[in-house]
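Here our numbering is used: the first residue of the sequence shown is 1, the next is one more, and so on.
Some hints could be false.
No farther apart than 16 angstroms at their CA atoms in a straight line, the calculated lysine to aspartate or glutamate pairs in the EDC-like style are these [to be verified]:
| id | residue 1 | residue 2 |
| --- | --- | --- |
| 1 | K163 | E38 |
| 2 | K163 | D126 |
| 3 | K8 | D19 |
| 4 | K163 | D19 |
| 5 | K197 | D230 |
| 6 | K8 | E18 |
| 7 | K163 | D184 |
| 8 | K163 | E18 |
Distance windows between CB atoms, simulated [claimed, not checked]:
| id | residue 1 | residue 2 | range |
| --- | --- | --- | --- |
| 9 | H223 | E18 | 26 to 34 angstroms |
| 10 | D19 | A81 | 33 to 41 angstroms |
| 11 | L23 | G181 | 33 to 41 angstroms |
| 12 | K8 | L192 | 45 to 53 angstroms |
| 13 | A81 | S228 | 58 to 66 angstroms |
| 14 | S232 | S137 | 47 to 55 angstroms |
| 15 | R45 | E18 | 20 to 28 angstroms |
Calculated directly from the structure, the hints in this document are not laboratory data. Ideal Cβ placement from N, Cα and C applies to all residues, glycine included.
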Amino acid sequence: MDRNAAQKASPSYRLAVEDPDFLMHDEMRALRFAMEYEKAELVLRNWGVRSTVVVFGSARIPSPEAAVPGTPRAHLAPWYAKAREFARIVSLRGGALATEGRLRDNVVATGGGPGIMEAANRGAADVGAPSIGFNISLPHEQEPNAYSTPALTFRFHYFAMRKMHLAMRANALAVFPGGFGTFDEMFEILTLLQTRKAPPVGVVLFGRDYWEEVVNFEALARHGLVDSHDLSLFGLVDEPEEGWRWLLAHGLEAHTPAAEAASEEG
């Protein structure tokens, strides 16, 4: 037996980066936070992802093929199809299909889970484009959907860092019907835009009837709790093409691949 076996077996002898007990100390929270930022940052940079179009929406909305008529939320399945089509449009026309060595723009990014997130990642995959899944560790573990690009599928412990990565490259935000999580993410972006803590980006809310029913935006302005011009921070749309056109009209720059541009001109 090695005379120094006890010394080698001691936790104190582990390299710091190989010592999970050390890394999980409260005192190491700042470093864990920094590592969550840097890991995703380096991967995205290596992939040439310069900008994204972020898609939010409910994880509970089923795909049309999985929806069972008469069951809760089955009536929402058409939004899955529309999110999928919107992501196809963005991926084909936005610049995600850049040739090797070129920077990628308007890459579809989601929270990585099921429902609307799956639909958007799936739409990008339909046209062979990369897409990003920013997953989060939850008490009831979230599983990544099968359509985000594996090398661009991340998992975060901190909601704040996940939100930061969702926002920091966003050229636009598309919000489909959703619940508390969707509202949280949507209003955080709108607040950053309202307070000018983020550069101006287009925000489209898909589903006029849904959003006009669940949020009385006009009442907020009428009561003086937001300025009337704050309501111009977003647009209400119903169809994927309509959403794409609204974003283009409100500052989104498309970086259509050369081959696609030549085809459209022809």
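These are the hints, each one checked on the structure:
1. K163 / E38: Distance ~14 angstroms between K163 and E38 Cα, so the pair holds.
2. K163 / D126: violated (26 angstroms)
3. K8 / D19: Status holds; Cα separation ~13 angstroms.
4. K163 / D19: violated (28 angstroms)
5. K197 / D230: Holds: K197 and D230 sit about 14 angstroms apart, inside 16 angstroms.
6. K8 / E18: holds (13 angstroms)
7. K163 / D184: Satisfied, since the Cα-Cα distance of roughly 10 angstroms is no more than 16 angstroms.
8. K163 / E18: violated (28 angstroms)
9. H223 / E18: 26 to 34 angstroms: violated (56 angstroms)
10. D19 / A81: 33 to 41 angstroms: Given about 48 angstroms between the Cβ atoms, the range is violated.
11. L23 / G181: 33 to 41 angstroms: violated (28 angstroms)
12. K8 / L192: 45 to 53 angstroms: holds (50 angstroms)
13. A81 / S228: 58 to 66 angstroms: Since A81 and S228 have Cβ atoms about 34 angstroms apart, the given range 58 to 66 angstroms is violated.
14. S232 / S137: 47 to 55 angstroms: violated (37 angstroms)
15. R45 / E18: 20 to 28 angstroms: holds (26 angstroms)
Hint compliance for this structure: hints 2, 4, 8, 9, 10, 11, 13, 14 are broken, all remaining hints hold.
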